Structures are given as structure tokens and as C-alpha cells.
Amino acid sequence: MLIRLFTLIFLVLSFAATSFAQGSDPKPLFDQLADANFNQAETLVGQIAATGDPRVVPALNAFSEGDLYFRKSDKAVFSAKVAGSQLELIDPVTGESAGQVAKGAVTKIKVNNNLRRAIRAALGGLTLMSPDRGARLSAADAILRSPSAEALELVEAALAKETDADVKARMEEARAVSLLSSDRSIDEKRAAIETISGLGAAGLGVLNSVSGTIDHSLKPDLDKAIASIRNAQQLWNLAQNVWYGMSLGSVLLLAAIGLAITFGVMGIINMAHGEMVMLGAYSTFFVQEVIRNNAPGLFDWSLAIALPVAFLVTGLVGFVIERGVIRFLYGRPLETLLATWGVSLILQQAIRTIFGPTNQEVGNPSWMSGSFPLGGMTITYNRMWIIVFSLTIFFALLFVMKKTAYGLNMRAVTQNRRMASSMGIRTPWVDALTFALGSGIAGIAGVALSQIDNVSPNLGQSYIIDSFMVVVFGGVGNLWGTLVGALSLGILNKFLEPSVGAVLGKILVLVLIILFIQKRPRGLFALKGRAVEA
Amino acid sequence: MSFKAKLGGALLAAALSTTAFHGAFAADDTIKIGVLHSLSGTMAISETTLKDAMLMLVDEQNKKGGVLGKKLEAVVVDPASDWPLFAEKARQLISQDKVAAVFGCWTSSSRKSVLPVFEELNSILFYPVQYEGEESSRNIFYTGAAPNQQAIPAVDYLASTEGVERWVLAGTDYVYPQTTNKILKAYLMSKGVKEEDIMVNYTPFGHSDWQTIVSDIKKFGSAGKKTAVVSTINGDANVPFYKELANQGVKAEDIPVVAFSVGEEELAGLDTAPLVGHLAAWNYFQSVDAPVNAEFIKTWHAFTKNDKRVTNDPMEAAYIGFNAWVKAVEAAGTTDTDAVLDSIIGVAVPNLSGGTSTVMPNHHITKPVLIGEIQADGQFDIVQETPAVVGDEWSDYLPDSKDLISDWRKPMSCGNFNVATGKCGGKGS
Chain A
0 MLIRLFTLIF LVLSFAATSF AQGSDPKPLF DQLADANFNQ AETLVGQIAA
50 TGDPRVVPAL NAFSEGDLYF RKSDKAVFSA KVAGSQLELI DPVTGESAGQ
100 VAKGAVTKIK VNNNLRRAIR AALGGLTLMS PDRGARLSAA DAILRSPSAE
150 ALELVEAALA KETDADVKAR MEEARAVSLL SSDRSIDEKR AAIETISGLG
200 AAGLGVLNSV SGTIDHSLKP DLDKAIASIR NAQQLWNLAQ NVWYGMSLGS
250 VLLLAAIGLA ITFGVMGIIN MAHGEMVMLG AYSTFFVQEV IRNNAPGLFD
300 WSLAIALPVA FLVTGLVGFV IERGVIRFLY GRPLETLLAT WGVSLILQQA
350 IRTIFGPTNQ EVGNPSWMSG SFPLGGMTIT YNRMWIIVFS LTIFFALLFV
400 MKKTAYGLNM RAVTQNRRMA SSMGIRTPWV DALTFALGSG IAGIAGVALS
450 QIDNVSPNLG QSYIIDSFMV VVFGGVGNLW GTLVGALSLG ILNKFLEPSV
500 GAVLGKILVL VLIILFIQKR PRGLFALKGR AVEA
Chain B
0 MSFKAKLGGA LLAAALSTTA FHGAFAADDT IKIGVLHSLS GTMAISETTL
50 KDAMLMLVDE QNKKGGVLGK KLEAVVVDPA SDWPLFAEKA RQLISQDKVA
100 AVFGCWTSSS RKSVLPVFEE LNSILFYPVQ YEGEESSRNI FYTGAAPNQQ
150 AIPAVDYLAS TEGVERWVLA GTDYVYPQTT NKILKAYLMS KGVKEEDIMV
200 NYTPFGHSDW QTIVSDIKKF GSAGKKTAVV STINGDANVP FYKELANQGV
250 KAEDIPVVAF SVGEEELAGL DTAPLVGHLA AWNYFQSVDA PVNAEFIKTW
300 HAFTKNDKRV TNDPMEAAYI GFNAWVKAVE AAGTTDTDAV LDSIIGVAVP
350 NLSGGTSTVM PNHHITKPVL IGEIQADGQF DIVQETPAVV GDEWSDYLPD
400 SKDLISDWRK PMSCGNFNVA TGKCGGKGS
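The listed protein sequences correspond, in order, to chains A and B. Numbering follows numbering that gives the first Met the number 0, with no gaps: position 346 of the first sequence is 345. Numbering follows numbering that gives the first Met the number 0, with no gaps: position 132 of the second sequence is 131.
Chain B extracted, bound-state conformation (with noise of 0.2 Å):
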């Protein structure tokens, strides 16, 4: 018995040794990256294609010549669509893997998932998806679009040019349309949009039975004024829900729907030709006209060995995330946390839709927001671009956030600081 632990200690200890060994040696050589995407469960078909654009960057990162004059490595794991399965890969990949950062992570409830254990092991994440603010963590920088480089930009674009008066905000029933329908509905009627004309309606996951709710849009619509509905229907549902939308003959013409989760990838899933006209905002759609993104789509083309596989705004958002990782990793001359930190507030690399996007000191980054109407051949149309917008991490439209601001540079260094009260922390009076 004590032999036998023994013998298994002496072996556990060499065991230990090699690996230490190992991980010394190849930290020489290579430094590595983790990606933290779904490729099993319900969210693989959003997060495997990211999973496939990290290894692309890595790949042409690597034919450049890596970082620091080391080759980059990915290391993938798949959380399986598990929130608490997210933070335990995550602590794996920091802890033992040894990653420099990590990109990963799609709904919110992941990264909600994640943020403790990045915090705590003082590591980086780069999410690359849109979300619905009220969060800002000295080790998460948030490369999608927050509500004001999406939502308000489109909830206007609908009222000044389509002359929208009466809103349909319908979503899927988690935080992120709950947030940003709460927000939407904070500035409509900040704007003078009667409470009347704006009806909320959520749906649960996967909903796959839109006959009453397009029914009831249709009636809402009858008021005699212009109707448009706010879609942050989750990715799955909306295949479905703009086949009724076509089937009942709701027309882009009549009832516009403007949606935030809908993107080239969703819609490869659909026969476009009845949906012409309807409207997504993003911060980039595989249309645009720019040098830098017909090479990205020829490079991703070439990658995937496949010429059909479309690109899309969370695909551009791990794109500006990786850049700037790479920017600031080179300034800082070491891919240490806090360095990196530091330096990587102020970086400005290219995005794919010809201008460049900047680190801000909220850990949000600035792009132009993109008002896309949708094709008979699946692709966008842009019909509005804006300048480059500032992510705002706490809503102004909401009473719980309108004073917090976030500024993670020294001597402030804080997430959430009360711009009345003058204090850091919690959420405002």
C-alpha cells in the first residue's frame, strides 16, 4: 500500500516535472491563445465559424512572422454550449494551457460565466459579439457592438428615413433583448413615442410558431401610422419567423423588421427573394465595398477551401479584437496581463469596412454602424453608414446607468464610476 503510493507519487512528481518542463520549453518558442467557442450544442452553429475565422488569424499572423518573433499557437476547447462548462474550460486554458489571452465566448450568459475566472486568474478575453451593455471588466474587452453602435443607430435610421412612428420590439426572452428592448423603449419615448405605439413581445428559445405573432404585428400595424418591428430574436428562431413574415405577406414596404441577430450566416439558412427590403444593423456586412475586406473574404475563401462560406460582423469583431491583441502585445514587448492592459488603450488597427477601430478606455472599441437592407442573394445592401461611434458600456437611456461611467486607464481604473456621487463603484443612485 505505502509502496504503491509511493511509486505513484514518484511517478505523479515526474509526470509533473515533464509537463513543467515541457510548458517552460515551449513557451520559448510559441506563445499561445485560447478560443473559447461552442462547437457541440445549440450554439456551434453561431460559434464554429468563429472557432475557424481565430484559426485563420492565427494562421496569417503566423506567415507574417507570429508576435514578439514567436509563432502563435491556438489552443481550442469546446464548452459545448454549457454556461458553467465555459468557466471551467476557461480556468483550464489559463491555468494550464498557459494561454496569453483568450477569444471566445458568444452569449452573454457565457461570458457572464467566464468573467469571474478571468478576473481572478488576471487573464484577457476578447468577445466579439454584439451585446446588451451594463458591464465593463478590467479583463474583457468587448468588440461587438454595444447598443449605441447598433440599436439606436438603426431605431433611428427606421424614423428619420422610413418615417416609423409605431414600434414592435419583439425578442427572445433573455438578458440580451430584455436590455436592449428596455433601452429602445427608454429613448422612443425619450423621444416622444407614445407608450401605445410601442408594444413588447417576447418569445421563448427556438420558437418555431410565429402565426399569432405575425398576426398580431399585422394588427398593430393597421393603426394608420408607420409600423416597423425591432427584431432581437435569437439566431434559431428566425428562420421560422420571416418564413410566416413572407407567407402572410408582410412586405418590407409596408412593415419593415430591422434585426440585430440576423447576418449573412442566418440567412444562408433561407430563401431570401420574398424578405427584399427588410433591414439589419451591424458594424460590417460581407458587402462591403473596401480593398481590405474583398482580401479578408478571399483569404477566408482560401482558408476554408470552401468559395460559398459567407462572412459576417462577429467574424470582423474577432478580426479588430486579434489586431489590436497583436498591436498591443508588440508595443508592450511582453504578453504579460498587466502590460498588455496598459497598452492596449488608445491601439487603432484597420477594420474591414475601410476605416480603423480604437481601443477606448472603457474596453470598448469605436466602428461605424452599418444600416443593411437584405438581398434576393442573401447578402446586404448598405443604405446608411455613420461615422465611427464610441461603444458605450453604461446606457445613458437607463436610470440605473445614465451616471456610470468606465475608464480602466490609471489612476481611475474603474469599471463603474459614479460620475454624481464621484465614487467607484455600484450602480447609480
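Next up, chain A with everything else stripped away, as it sits in the complex (with noise of 0.2 Å):
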């Protein structure tokens, strides 16, 4: 593989001096794609590359992404876009427009990894001189990817003419990449691993993949990058580690925190809880269908617009649930978990028979999708949002229960219902309001937790569980309880997960808990005063 990638970049390098200059036309190699199998086609894209026309630049694009064709009736080859149902097809050099065509009359060349990888070098070193900056870099970090000696000329021509301070530091990366596996001298070298030390994660594997044929008076200074990189990472594995952890509490935060109202302040056994989440879920899917179908430029603001809609859709099923079951169990636990564990199977299978039995589509909008580096760890913007997120709802949630009229009806009814209805607040208004806000905070989670996680009927019941762990765990009735709880096990589990892994981590965890609510029952932060005994 390696190989063919050397004499690939090498036949990039001897062509590109003399055959530009005879003004080859890329046209005919082209065509002659629609012939090739895999590894003719590798040599082909090598010899488009050779011609050093920076036309191609965007028919090779297409490759790689799979958008080209060859024309069935004469073999000629295009790259196309779908327009409607039929597609455009574009000269793969010009650029011009050959007209449109029915999706039967091309036939797709196929690509592969190896083809993606040959593409991805030959593209690095024919927009390294590219006058867009974005292109250069991405030019830069190509040949970061797959460094070869026979890159190295190309990077150093470019580095002399370059002037944007990032790409020039880019470049200079790649320049030390190449250069690791080229027959430059031994100081080069030495510069290069000084070089590539700071690269992080990057730079160790070019460093591993050389250490068996570098020169030997290189040897210390490898070892020395190599374990540099190796400490530094293993400070960075902490950091990472919180971060994770953090992550997955917000996860479990999100899915408790609906349960830590209908459970932890209401004090009903709720086993629908899960399908809440659930039904938060499918409502993002119902707006982005909606959106996809009638306005799809609004699609960044789905996530936004399915919040209200889960929230009150979820909220509306849990009013309906507390006025048709619940509340005529009140006071009776075991019947009450029944009752909700019934419902929880009758939302599911419904959800089943209008969706379908099979996972469906939630897409992440362009801000939640991706990742970016910090210092020596990735951070996924989707993550990082759900945590911004539960924090935003828990905090939100808060102010709700403790600075409103409404949350203090709702904290008089739960301390002391008679005294409370006594001075004129109407319980069961309270109790089914509560209920459906509860309801309704866990279809929010499910907006969230769309976002992460199969949108499919069994849903809900992957956190049916740990919502009632966090909950117990942190306190019944106790929000802060609930906060604590969730980062604590989030966190517990992440740094459990290196050592002994993911299986042994969850029962670990779970056996942790058990010991805890021997010790304290009342979980965490336990309530204290008459509401305890009541």
C-alpha cells in the first residue's frame, strides 16, 4: 500500500516538471476511468495528478465523494450533481455544464479507501500552491496524513512562497513529516523530531512508524519525542477523562431530571418515564421531517423549534396519564409501578405501530456535528452542547421549584397536602400540573438525547434504569441531589472504563451504589424535617 503510494507521489513529482509543460490534457485519462478496476485507476489519478493542471482539482473532489460517472452510451466520464430526479453532468476539466441526464444512462465509478487515500495525496500537493488559504491548509494537513519523502519538494516550494503564519506553520509540519522517511541529513532529522514532538497524537504514530529504520545516532532523540508526547498525553487522558465523565453525567442528568420531579418530589414509582424521553425523541424526528420536507434551510433551527413542541407534547401525555391512572393511585406504590409500567408498554408498542418497529433519522444540525481540538484532547460539539444544555434546564428547573408561585403550590402540596389544601391551593391541580412538568422535561431530554442515541421504540427503556439510580443515588427529592448524583456517576464510570472496561465498569458502579444506599439510605443529600416522616 505504502508503495504504491510512493511511486504514486513519485510519478506526481516526474510528471509534474515536464508534462505541464507539454500541456497534456487530462481529458483522456478521464475516460479511461471507466474502464479501470481499483488499481488502475490508483495509477490513474496518479498521472491526472502528473499533469499538474490545477483544473482537476474539482473532478478528483468529486471522486473521492463518489459523484463521478461515465456516460453508458460512449464511456465518456463526468462528474455530476443531482438535479431533481435527473442528474447534471459536468466536464471533469472544464468544468462546463454536458447537459442533463436520466440517473440510468451513467453508471458511478466505484471508489475505495485506498483510492480516497491516493486522491487525498494527489490533491495535497496540486492545491499546495492553491491561492485560496482554506485550500492549502487542507493541502498542508493532507500530506500531515500520509507524509512521504517524495512529498518533501513539493511542501518546501510551497513553504518559500508562503505567507500566512498558520499555513506556514502547517506546512512546516509536513515538511517535517516527509522529511522523517527522506535521505536528508541527520540534523534535518533532528530538527524534524523536535519538530513533530509537538504534534500530539498526530506526531506519534509518524514517530512509531520510523523508529524501526531510522538512523541510530537518531535513536535517543526519538525515544525522547516518543516519551514526551507519551507524558504529556498522559496528563491530557485526565483532563479527557473529567471531560467524559462530565459528559455522560449530563446525559444521566438529563434523563433523571424529569424522574426527579414525578419520582423524587411527587413520590410516584414512574416506569413511563423512559417513554417520555422517548416521545421527546420522535417529536424532533416529526419537526425535522416536516422541516426536511417544507422549509429545509430552517434545518440548524430544528433542535430549537422541537423543544416547545416535545415539551408540551409530553408534557400534554403526562397530564393525561396523571388524570387517568394515576391519581386514582395514590398512596398505593406497588399498584402505581404496575399501573405506569403498563403504560410505559402501551406508549411503546403505539410509537411502534405509527413509526414503524426500525430506528429513525435525527439529524445533527451543522453546530452539533464535528469536534475541535483542546491542548491534547477532542472535544465533540454535540457533547459539549448537551452539557451546556442539561445545566441550562436543571438550573431553569430550579428556579421554577424554588422562586415562583407555582413551584412553592408545588413544594406546600408535597411537604404537607392537607395543611396546604387547607389554605386554599387545589392539590390535585398541583399534582397534575407537577406531573406534566415532569412529563414534560423528560421529552426535552429526548430532544437532547435524539441527538446522541437511536430514536427507536426501546429508547426509553435504556434509561428507565439509570434515571432511577441517579435519583436514589442522589437524594429523593432533592434536586441538587439529582446534579450531584449524575456528574459523580458519570464521572465514577469514565474513570473506571480505562481499567477494567465497560462491563465490569457498569456492574462496578452498580455494586458501588448498592454499598452507598446500605450506608445511606436516603441516598446523598437526604431531606430532613417532617416531610421525611410523612
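Please note: incorrect hints may appear among the correct ones.
In silico DSBU-like pairs for lysine-lysine, Cα to Cα no more than 35 Å straight-line [said to hold, decoys possible]:
(1) B:Lys218 x B:Lys181
(2) B:Lys250 x A:Lys505
(3) A:Lys218 x B:Lys190
(4) B:Lys218 x A:Lys102
(5) B:Lys401 x A:Lys109
(6) B:Lys250 x A:Lys223
(7) B:Lys190 x B:Lys401
(8) B:Lys217 x A:Lys223
(9) B:Lys307 x A:Lys80
(10) B:Lys63 x B:Lys97
(11) B:Lys181 x A:Lys109
(12) A:Lys109 x B:Lys190
(13) A:Lys109 x B:Lys184
(14) A:Lys109 x B:Lys224
(15) A:Lys26 x B:Lys225
(16) B:Lys31 x A:Lys102
(17) A:Lys109 x B:Lys218
(18) B:Lys225 x A:Lys80
(19) A:Lys102 x A:Lys26
(20) A:Lys218 x B:Lys217
(21) A:Lys223 x B:Lys63
(22) B:Lys181 x A:Lys505
(23) A:Lys74 x B:Lys307
(24) B:Lys193 x A:Lys218
(25) B:Lys250 x B:Lys307
(26) A:Lys107 x B:Lys225
(27) A:Lys102 x B:Lys304
(28) B:Lys326 x B:Lys31
(29) A:Lys109 x A:Lys71
(30) A:Lys107 x B:Lys304
(31) A:Lys218 x B:Lys225
(32) B:Lys304 x A:Lys80
(33) B:Lys224 x B:Lys181
(34) A:Lys160 x B:Lys184
(35) A:Lys109 x B:Lys297
(36) B:Lys297 x A:Lys80
(37) B:Lys70 x B:Lys304
(38) B:Lys401 x B:Lys224
(39) B:Lys224 x A:Lys167
Just so you know, these hints were derived from the structure itself, not from any lab. Keep in mind the model is a prediction, meaning the values are calculated, not measured.
Both chains come to you apart, so use the hints to assemble them.
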């Protein structure tokens, strides 16, 4: 593989100077792709890149994305764009439109990972001198990812002309990784190792790959660089585990926060809680479907639109469940448990009947996709926003409970129902609204969870145990307990996972919780006062 | 009291005789077959599709005039993803409904649960899902892939085409991934891969937080050797796994993931644009370019009245199993279990990738192995296709089973014949 890549880039280089001067036309090379197998196509990509013709860049990009086709009638190769039910053909060299055809009239030229790598390397070489800053940056990245001695001269030529500081720094790194496998002098290589040791995890791979072949006098430098990256990584690992733990904790918090109200505050063993989360996720799916079909431009706003929808839908369902079932069962926990479990089965099967048993596709808006590096760790946007989101919900809920009249009523009713009733509070109404609020918040959690998990009828089941665990661990009836409980369980889990594995880690956490509950039956933050005895 | 008992007895007898009469009457113009797939619970997500596929196959066969001049009738039961209930429902299908054969099960746990029932009541089960091997029953036909029809060719592809030297074997913690990974590890080590170049990782069912594992994979992949992930992660946990891969920027060009449980159906819940190039190994993809497949997809869309429904590998396995059974019944002239068991060996039926699949004496079938790369539209591009491979029930790479073979033809009629000791039964030395 590597050898093939070398030959390829060698081809790029050796032809770059000559062929372009000769004005060789890449068009016939593209047309040969129609009959080529993967290996031949790889050679052809090298030859196309070797023409040095910058016009082929869009077509090569299209090829790596699987958008290159050949026309069945004459085996001419085009890149294509979807235009309604038809395909618009674009000439691979001139970029001019060649008219629209039916999808059946063309055949897609297949591409595999090897070809994609070859194209990436070829594009790296072709776009190093591009006037576009972004293109130069990604060209340097491409060389960083697939370093080779042959790319060295290209990078150095580009470096000499580069003026932008960021791009220059990236190119220096690309030069360093390429230099290691070349036959340059020991001193130059030593400097390169120095540069690479600043690259972190990406550099580690490069250094490791040459450690067997490198000159003996460089071995100490190499080992030192590897050790320094490893040391830095160890520190970052710690930070990363805390971050992952917070992220898992925030998911637990999201799942549990609705339950902290229905179970924690009201004392209802609500087995249908998970299904409220599931309904929230399906509301998101529904909103996204409507947006996809009617206003695709609004897609990035879909989650914001789904939030109130999910809250209202699940709040309403919760209201109906409370009025229809639960209010007859207050004070009979066992019956409540069975009844709500029955409700959960009914809701699951209803969703399965309406939407089908398979997963539904809920897309991530662009601001929730991808990641950014922070020192030695990678932070993904979706996890970051979920942490922010769960904390926001938590504090909003805390505000409602502590600072509003409705929250006061709610607390009064749960602490002393008869007294609250005597003071003129309509306790049944407060019960219904509180249950609706708890369900609605579970629905909002579903919106967020749809971004990281399956949206299927079984979604809720996977969260119900964890939710109860968090609420019981944190202390029934105490919102702060839920927050601290969720975060500490998340972090504990993520510190156990690397050493004992995910399966054993989960078991250990459960065992620890059981032991903890033996010691403190009321959880981390036990409620004090009369409410406990009541 | 005694009068009541008598009355009750009489009523019961009457009821029994009517059913018996009904049964006899029904047997005259229809042949019943059982469909044993979960329609509720966790496995409904995968199995409901197979139930629909079976109903379609029965429907199509009836349009062609049924079997032996009789109409087929599918008896559908719902074992609700509950393994003991599978055995109960299987017993009900065979003893009460008197079905001629049963098509069903998905997980290995459910198959192991019904196996004694089929052997005791002497009926036939067609099992349409890829599995870990290490089993051969007189009464079960395994039309899904054995490890040598899926896992091993996939690993070979990665090693030869992509030059992979370092392997992450990631799976869900249950029997199929555990056994498959054991076989793969033994296989890789027999090919000279060192122990330190293999990382095995298990996760619980429905695992949804993949951050740690994906970053571990990235770290494992930074040792300077080409690294790939071989995933036996079970259905539900795949969506969060692939989402995490995409978000952490693990590209197929750098660390490809080849999966054995991810097909068109699983990808339907996912935006696949960031996953282009990751691989799956199956014996069938919806994108197979063959007239018989185009016809099948057309029938499927017409039957489900939904032209977005995808087809997948277990559906093809169900298709092959069903047609093999029909052909065997017609050859035997009866649906009697023993006669069909005899006549089905060697039966060859078309598969959906344009070739034929033959039922072998070890109750496994021959089929080609296809390696596909995920595309942005949720379909697979086939990048390699092998000639038909015979399913190997007892893996040659495990010390316990390398001496075992299975041959259900007379006179051997043995599911675990030890070629080293020359005796039938038991695991090898």
C-alpha cells in the first residue's frame, strides 16, 4: 500500500515538471477511468495529478466523494450533480455543464479507501500553491496525514512562497513528517523530530512508524520525543476522563431530571418516564421531517423548534396519564409501579405501530457536528452542547421550584398536602401540573438525547434504570442531589472504564451504589424535617 | 359438582373433537409454516422486517400455485424478544398449529433456546442470521453466514487490500461477538499478527457512550501501523458508535471499521455522509447488480407499499431458506420432517447475488462473500466479491473444534464427528 502511494507521488513529481509543460490533456485520462479497476484507477489518478493542471481539482474531489460517473453510451466520464430526478453532467476538466441525463444513463465509478487516500495525496500536491488559504491548509493537512519522502520538495517549494503564518506553521509540520522518511541529513531530521514532538497524538504515529528504520544516532532523540508525547498525553488523559465523565453525567442528568420531579418530589414510581424521553425524541424526528419536506433552510433551527413541541406533547401526555391513571393510585406505590409500567408498554407499542420498529433518522444540525481540539484532547460539539443544555434545564427548573408561586404551591403540596389544601391550594390541579412538568422535561431531554442515541421505540428503556439510579443515589426529593449524583456517577464510570472495561465498569458502579445505599438509605442529600416522616 | 365436571368434560371433548376435525380438514388444502420472529421488545427492530419478508415469500409462492398443489399458510407468533418464550412459542407452533417447518429466530440465545424443542418434536427450523458457528443440529438449517463466510474474508480483505497490521476487535458482550473474536484472534495470530497488535474490547448491550472507546481506538491507531476496527457491535449500539466516530473525525481512510452486524436497515437511522468508506461484510447487499435482485426489491416495495423500505442480508438468507424448503418438499412429495431432511441436502436454489446457493450436508449453505463500503445514501458499494464459500460450522481455528465435522447424510448422521478419534459426539481432544 505504502509503496504504491510512494510510486504514485513519485509519478506526480516526475510528471509535474514535464507533462504540464507539454500541455498534456487530462481529459483522456479521465475517460480511461470508465473501464479501470481499483488498481488501474489509482495509477490514473496519479497520472491525472501529474498533468499538474489545477482544473482537475474539482473533478478529483468529486471522484473521492463518489460523484464521478461515466455515460453508458460513449463511456465519457463526467462529474455529476443531482438536479431533481436527473443528474447534471459536468465536464471533469473544463467544469462546463454537459446537459442533464436520467440516472439510468450513467454508471457511477466506484471508489474505495485506497483510492480515496491516493486522491487525497494527489490533491495535497496539487493544491499546495492554491491561491485559496483554506485549500492550502487542507493540502498541508493531507500531506501530514499521508507523509512521504516524495512530497518533500513540493512542500518546500510551497513553503518558500507561503506568507500566511498559520498555513506556514502547518506546512512546516508537513515538511517535518515528510523529511523523516527521506534521505536528508541527520541534523535536518533531528530538527524535524523536534517539530513533530509538538504535534501530539498525530506525531506519535509518524514517530512510531519510522522507529524501526531510522538511523541509530537519532534513536535517542526519537525515543525522547515519543516519551515526551506520551507524558503529555497522560496528563491530558486525566482531563479527558473528567470531561467524558461530565458528558456522561450530563446525559444521566438529562434522563433523570424529569424523574427527579415525578419520583423525587411527588413520590410516584413512574416506570413510563423513559417513554416520555422517547416521545420527546420522536417529536424531534417529526419536527425535522416537516422541516426537511417544507423548509430545508430551517434545519439548523430544528432543535430549537422541537424543544417547545416536545415539551407540550409529552407534558400533555403526562397530564392525561396523571388524570387518567395515577390520581386513583396515590399512596399505593406497588399498583402505581405496575400501572405506569403498563402505560410504558402501551406507549412503546403505539409508537412502534405508528412509526415502525426501526430507527428513525434524526440529523445533527451543523453546529452540533464535528469536534475541535483542545490541547491533547478532542471535544465534540454535540457532547459540549448537551452539557450546556442539561445544566441550563437544571437551573431553569431550580428557578421554577424555588422562585415562582407555582413552585411554592408544588412544594407546599408535597410537604404537607392537607395543610396546603386548607390554605386554598387546589392540590389535584397542582399534582396534575407537576406530573405534566416532569413529563415535559423528560420530553425536552429526549430532544437532546436524539442527537446522540437511537431514535427507536426502545429508546426509553435504556434510560429508565439509570434515571432511577441517579435519583435514588442523589437523594429522593432533592434536585441538587440529582445534579451531584449524575455528575459523580458519570465521572466515576469514566475513570473505571479505561482500566476495567465498559462491562465491568458498569457492574462496579452498580455494586458501589448498592453498598452506598446500605450506608445512607436516603442518598447523598437526604431530605430532613417533617416531610420525611410523613 | 360431579354434574358440572361431566358437563365440562363433555364440552371439552366436543371442543377438542372440533379442533381435531378442523385440523384434519385444514391439512387437506393448506400447508402451514411457522414464523417465529419478535414483533415487540428490543429485537423487534430487526425481526419485524423478517416477518414481513416471510409473509411476502409465502404470498409469492401462493401466487405460483403453492406447494404440492396446496396453499401455504403462515402462522405468525410473537415471542417478544424473550428467549424462554421462543421455546414456548416454538412448541405451540409445532404441537398445536402442526406447522411443517418454522422460519425464525435472530439472536443466538433464542436459537439455543428453541433447539431442544425442535429436536424433541422433530421439526425443522430455518435460521436466517449470521452467527458464531460451533453448532450443528439435525433439525436446524443455518442459512446465514458462519464465521468463515463473513468474518474471515473481511479480515483478509483488510489485510491484503488496505495493508492493515493492527486490529481492534470491538463487540457487544454476548456469545456471537465473543466466539467470533476468539476465532478471529486465533486466525490473525496464525497469520503472524502479534498479540500486542490486537486489542479486544467488549461493551454492554445498548451501549451509548462511546467517547472513551473511540479515543482509545485513536490512540491504539497511532502506533505507526495501519489500524482497522473489526466490529461485532450489536444493532442498537451502532448508531451512537458511528456518530461518535464521525464526530471525533475518525475517517475510513485512516482507521476503517468493518462491521458484521450493520446493514442497510441499521444505517437507515443514521446520516451516513461522514461514514463513507467504512465497510461491512455480508453475503448480500441491496446494491447487488443482478436481475433477480432487482425483481426481489420490486416485489418487496410492492408488498410493503413503501418504496423506501430497504432489503438486507438476513432477508436474502430467509429467501434462500424458504426456496430450499419448497424445493425439498416438492422433491420429497411430502412435508414429513424426515423425508424433507433427506431430500433437502444438495438442493440448489438461486440466491439474490446472481448465483446459486446449495444446502450442504452440514446444514449450512454455500454463498459468496461481499465486502461493501458505506455510501452517502445509506447503501453499500461492493468493492470485493468472492466465489461461493461453504459454511464451516466447526471453526478450524479453535482448538476445541478443529477436528470436528458435521454430516447429516446417512449413514454418518452426526453433527459433531471427530475426525481425530473417528467417533461421533463430544468436543475434540
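Which hints, by number, does the structure contradict? As far as the earlier hints go, 4, 5, 16, 21 and 34 are violated by this structure, in ascending order.
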